[in-house]
Each structure stands twice: as C-alpha cells, then as structure tokens.
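Hey, can you work out the whole structure from these sequences and the hints?
Now for the letters of each chain:
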Amino acid sequence: MKKLISIALVLVLVLGALAGCGKTEPGTTATPSADTGANATAPAAGGTIKIGLLGCYTGEYAQYGLAVQNGALMYIDKVNAAGGINGKQIEPIIYDDKGDPTEAVTAFNRMLDDGVTALLGSVLSGATMAVVPEAYAANLPMITASATAAGVTYNEDEDLVYTNMFRTCFIDPFQGEKMAQYAKDILGARTAAAITETGNDYAVGLKEAFVAKCAELGIEVVADEGYSKGDKDFKSQLTNINAKGADVIFCPNYYEDDALIVTQARQLGITATFMGGDGWAKVSEYAKAEDLEGSVYCSAYAPGSTPEIKQFETDYAAKYNGEVPGMFAALGYDAAIVLLDAIKAAESKGLETGSDEYKAAVIDGMKNTSSVGITSAYSYDEFNNPIKSAVIIKLEGGKEVFSQMF
Amino acid sequence: MIKQARDIPTPVKYLINLALFIIFLVVVNSMIASKTISGYYTKVIMLIGINIILAVSLNLATGYLGQLPLGHAGFMAVGAYSSAIFMKAASALPMFIALPLGLMIGGTVAGIFGFIIGIPALRLRGDYLAIITLGFGEIIRVILLNIDSVLGFNLTYGAASLKNIPKTTTFLGTFICVFIVCYVIHTMMKSRHGRAILSIRENEIAAESCGIKTTYYKTMAFVMSAFFAGVAGSLYAGYLGILNPSNFGFMKSIEILVMVVLGGMGSMIGSVISATVLTALPELLRAFADYRMVAYSLLLIAVMIFKPSGLMGTYDFSLSRLLGKGLSRLPARNASPARKGDDR
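Line by line, the protein sequences give chains A and B.
Going by the numbering used here, the first residue of the first sequence is number 1, and it counts up by one from there.
Going by the numbering used here, the first residue of the second sequence is number 1001, and it counts up by one from there.
Check each hint, because a few of them may be wrong.
Derived, one-sided and incomplete: chain B residues facing chain A with beta-carbon distance under 10 Å [as the list claims (entries may be wrong)]:
1) Tyr1040
2) Tyr1041
3) Thr1042
4) Val1142
5) Leu1145
6) Asn1146
7) Ser1149
8) Ala1159
9) Asn1164
10) Lys1167
11) Arg1201
12) Tyr1236
13) Arg1292
14) Met1293
15) Lys1325
Non-contacting residues of chain B with respect to chain A, defined by C-beta distances greater than 12 Å in every case (computed) [said to hold, decoys possible]:
16) Ile1132
17) Thr1215
18) Thr1219
19) Leu1323
Calculated directly from the structure, the hints in this document are not laboratory data.
Using N, Cα and C, we set each Cβ at its ideal position, and we do this for glycine too.
Shown next as structure tokens:
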C-alpha cells in the first residue's frame, strides 16, 4: 500500500511537471491578480504587440515590483482602451522573478520563447543585471523603472554600453552626488558623516558617490559608519559620529532603518541635518515628526506637485482601490510611456512587428526619445541614463513636502 | 553464459552506462543546436544539472556519511567566487584550458574550505554539527560581502555583485560534470572507502572499534562533498554571469537539503530525481502564477507525509541490475533470481 502511494506520488510529481509543459501558451500568462481585464478582448495573435513585464511580484521586495507593475499596466491599459498602437493591442506577458537573478534569467528566456517585442523590467538591480547581457545579445529593447545600479546599462570591465537598455530612474551615484552638492550649496555644510547598510548595494552606491563628491567640493567626511542588515541598534555608530561632530549626516538606506537611525540620533543629542536618497519615501510614518524635522531626501517623484501628477494620483486610486501611488508606480508608468512611444515610432515606420529591424527601431526610438512622463521629460545621455533633475523632499511637521527641483 | 547482472564484467557495465550517457548528450545537444529545445528549456536543463551536482554532493555528507551539514551554499559560494575571479582574469586563455581549470580551482578552493571547516566541525555530532556548519556558511557569506571594504581592494565587489563573469557554462559542460561527479561518488561508495563511510553512518562506535579511522573518513567525505559543491558553484557562476553573496544564504543550503531529503537520504537516483523535479517545478508551474509557490510547498508536504524516507528511500538505481533482471527472465528460469547481496 505504502509502495503504491509513493509510486502515485512520483507519478503526480512527474505528471505535474509535464502538465506544466503543455499549458505554457501565452494565453495563460495573464495573472489572476493583475488587472489585465482590458486585454481579454484583445484581437487574435498577429494583431498584438507582446511586452514582457518582469519583476519581483512576490517575495521580500514585492511591494516595489507590484507598484511598478501597477503603474506600467495602467498606462498600457490606457493605450489599449484608446485603440492600441496602429490598431494593435498591447499584450503584457507577466512573469515573476522573486527578485532572484537565477529566476530572472529563466523567466526572461521564457519570454523570448513567448515572442516578446520589448521588456519592461526587472525591478531590482541584481536581477536586471543578470538579464541585460542576454537581452543585449538578442538586441531586445529593455527599460527598467527601478534598477538604479550604474552597471545596469554599462559594463565597466569591457567599457561596453548596453545600447538596448534604458531606465526611468536615477542611478545610485547621481543621487549621492546631488545630495553632496545640495549639502554644499543649500545647507552650507563643511563636515559630513555617513551611515550605511554595508550589505546593500543601493546604500553603498549612494554613499560612495556622496563621499567622492564631498572630497571634490571640499566637504570633510569625518565619519563613515556601516551596519549590517537587520540591525536595530545604531547607538555605537551614532556615538562615533556624535564625537566627530558633523554638520550633515548622509543616511541613504531604506526607510525603516532610516527612521530608527534618526530617532536614536536625536536621543543621543545629535542635531545635524539628516539627508537621504529615494529610499526614504514614507519615512514619516515610521518616526516622530520632531525628530525628522528639517531632514531632506532626494526623489524622482513629488506627490501632488503638478496637475499631471494629481491626475495620475486620481486615476491610480480609482483603478487600484484607493491606493496612493508612490515613486515606483510613477516610474513604472513613465517607463511604459517611454517604451510605448518608441513602439509607436517603430510602428509608424511600417516595420513588421517583432522583427529585428523593428526592435532596432524601438531601441532607436528610446535613445532619441522626447517623451514626457509624469515625473519629468526624458532624454538619455551616452550611458542611456535619463537626464533629469532631482526632486528635493523636506520633512516638515511630520509631512514629506516638495521643497524644490535641484 | 550471462544470466545475471553479476555475470557481466564490471568494465562492460561501465561501458554500457558510458555509451548511454554519450547518446543522451549527443541527442540533447543536437536538439539544442537545432533549436528543438528552446533557449528557455536549455536554461532550465542547465540549472537542473547544477542542482543535481549540489544535491548529489550533499547526499554524500548527509545520506552516506549520516551527518547534517547546513552550510552547503557556503562551499558553493566559495567555488563560484574563486572560479569567477579566475575566469575574469584568465580571459586570454583558450576556453578548453580555462574552463576545466576554472572548475578545478572552484572545486579545490571549496575543498580547502571544507577541510578547514570539517576538522573542528566533524568533532561534533547531530544538531551541533548542523549549527556549526550553519555558522560557517554564514561566515563565508559575510566575508564575501565585506572583505573588499575591510581590506580595501576590489575582489568580490561585495554587495555590488561580481559582474561580467564570462558565461562559459553550456549544456555539454554541465552534464559532463554531472556525469563525472556521479561516477566518482558511485565508484567511491562501492570501494573500501565507501564501505567505511557507510559503516560510520550505521554505527560510529562500532566502526571505530573495528579499526576504521573515523575522523579520516568523515573528513574525506566532507571535503569531497565541499569540492563538488565548489564545482557546482563554478558552473553556476558561468551560467548566471553575476554573483551576489545574498544568493548563497542559509535558504540556499536548505533548498539543497530539501532536494536530498525529498529524494531519499542515501539514494543517488533519489537526489537526481528530486533535484530535477524541484528545479523544473517552479518554472513549469508558472502557468499558475500566484499559486505556484503554494503548489510547490503542498507537494513537499505531501511527499513527506506519505513517504517520510524520501521518494526513493535508500534505493539506488543500477542499470546493470535492471539488465540482469531482464536477462534472468529471458531464458529458462533455472538460475534462481536470488541476488540479494547486490544492492547499491
């Protein structure tokens, strides 16, 4: 009996695996959770343009992935509702990579099998960097809304720019440099300190750029402290910083840590101004207003600052049960705008959808884009990074308010 | 006349296996070359190969030696990083020299780490060994993460990931490694050394009293296990092209252990099957989107409830035994089918 059951189990495992094989046609790829209802009425194959959406839609960083996905799908649905591009509907093919580079590579190859024309993703830098060389080899147009590492578009070992790869977010060094400049010009800082999570590529990238720029601007970095992921007590690092007495403290980590660091610093009597990167968004929900007062961070997105953004916020809330969009949703929306504009340009040239010339035309369209997204107008530098100015957000009375463009 | 498996001379048995394996390689490789197997499935197959090596090598320490090391991902990481650093530096060397050399370096460095860790760790048993190897695995990960900023040079690039590693891993390379690893472990387990390792699993005190140098054999099995994990790591580095210490955390070790336990501890074919299924399953369940991880875990639970010893228990597949079974049925059944001593 036991033997029978175990044989049955083996069979189930194997059959389950094989059954998966048969069901992998693109038609099933619209995930139940995603609001792709608009695509159900899409015309038959041949009349669609397939776009891959790759990102961490489950797992530790799912909130970022889902925000990007929501933003991108919102624009795609909008275009589809308006009749698509050149009469063709956009068909999003959504795969989850859990933020894992290994899964990202297999999922990406799956997309190639499904015949995607372009890829919007991935969400995290590590997963994106694993995919880019393969997409480059296939010359597949690719845009990410949130992979900020410099290495995403540029291979420094071989001095090679991945010409097919674009993004709508800042790169890490850019934010660090901007904040150093801001410390010098606006805050008039003469000394600075930094505290970063050492295992975090994003935080380290920002910090290194900040320190380098400080040296260039003549700001003395008196302390450069690190901590490990999951640390909750930062008193020893902060005591060091306090002893050295810095004018500003650069703290470019994720918001939970930042909130704890600011709170503990105030307890130790540190009065220096705290500065951060776009990971600070929503920090006001995690620390007291008086502790945060006067801190600044840079972001790509200023909520409620322009009529377009207000419109976006209203539409987003209407589509996603009253959710308030953050920076990731806005950048996902922008990425979809830049990509679909380029596809429009390629379509208008009368090329065959999905052909190599078509893909080259889409890449060309993105490179010379003049798209206007909701966070900024876009144009790309020689490394395919967007040229746009940063938004400085200031903490005032427990609220994150738009201070200035910088 | 050949009527049973044991009548077939051993070299012939190995030759049959080798021939079948070469046929498998040629067929699949030509299918890949002709694009009958798409790029996606090739990737999954390569990943399966890498995971087979990991599972089979851990099976050596867990299934055969009977210890419970939880730091296998650490050895994989060491192998992956050392081979990746070598491959990046040796881009001038021709591929047929650089690739095997890279794999050997990955394996050797991991083996050295296995030796360093094995000496103190193997003095402990059971839970304590699990915890100390877990600790060592984490130490390796944290070192890889921080060594650059502490010592002030660029070697592993820490959290920024080691990027642009030459993508040298191919289907052929992976499965030749799979074959060699399985062959070496199989033959070793049939040899005097293998019997010694098994005796330690069954009863360490009895083994020691029979004059088996338990420390020596434990360390040997452990180092071998680490060596092969390093080889798998090297293949992984060449497969992915980017390495980050966070990919080699505690969960990776558990993932490999799950493969071994699910397949049956002490069964090589079990490790191979479960590594294959557990790698392919999440990919093939993509059609179920959000529910795929739930389906995956439910299958694990079901197997563990109905077959706690793993899918294959300690059964090991033997082609020649199968062949012998067939042979003994063909002619008149005068030769009794008793071959009980011929397991494993």
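Right, here's what the structure says about each hint:
1. Tyr1040: With a minimum Cβ separation of about 4 Å from chain A (threshold 10 Å), the hint on Tyr1040(B) holds.
2. Tyr1041: 8 Å, holds
3. Thr1042: With a closest approach of 8 Å, the Thr1042(B) hint holds.
4. Val1142: Check passed: Cβ of Val1142(B) comes within 8 Å of chain A, closer than 10 Å.
5. Leu1145: This hint holds: Leu1145(B) lies near chain A, its Cβ roughly 5 Å from the closest one there, short of 10 Å.
6. Asn1146: It holds, given that the least Cβ distance between Asn1146(B) and chain A is near 6 Å, below 10 Å.
7. Ser1149: Holds. Min distance 6 Å.
8. Ala1159: Check passed: Cβ of Ala1159(B) comes within 4 Å of chain A, closer than 10 Å.
9. Asn1164: With Cβ-Cβ at 4 Å, under 10 Å, it holds.
10. Lys1167: 7 Å, holds
11. Arg1201: 23 Å, violated
12. Tyr1236: Hint on Tyr1236(B): holds, closest Cβ of chain A at ~8 Å, below 10 Å.
13. Arg1292: 8 Å, holds
14. Met1293: 7 Å, holds
15. Lys1325: 17 Å, violated
16. Ile1132: Correct as stated: the minimum Cβ-Cβ distance to chain A is 21 Å, above 12 Å.
17. Thr1215: With a cut-off of 12 Å, Thr1215(B) remains clear of chain A, as the shortest Cβ separation is near 35 Å.
18. Thr1219: 31 Å, holds
19. Leu1323: Answer for Leu1323(B): holds, closest chain A Cβ roughly 22 Å.
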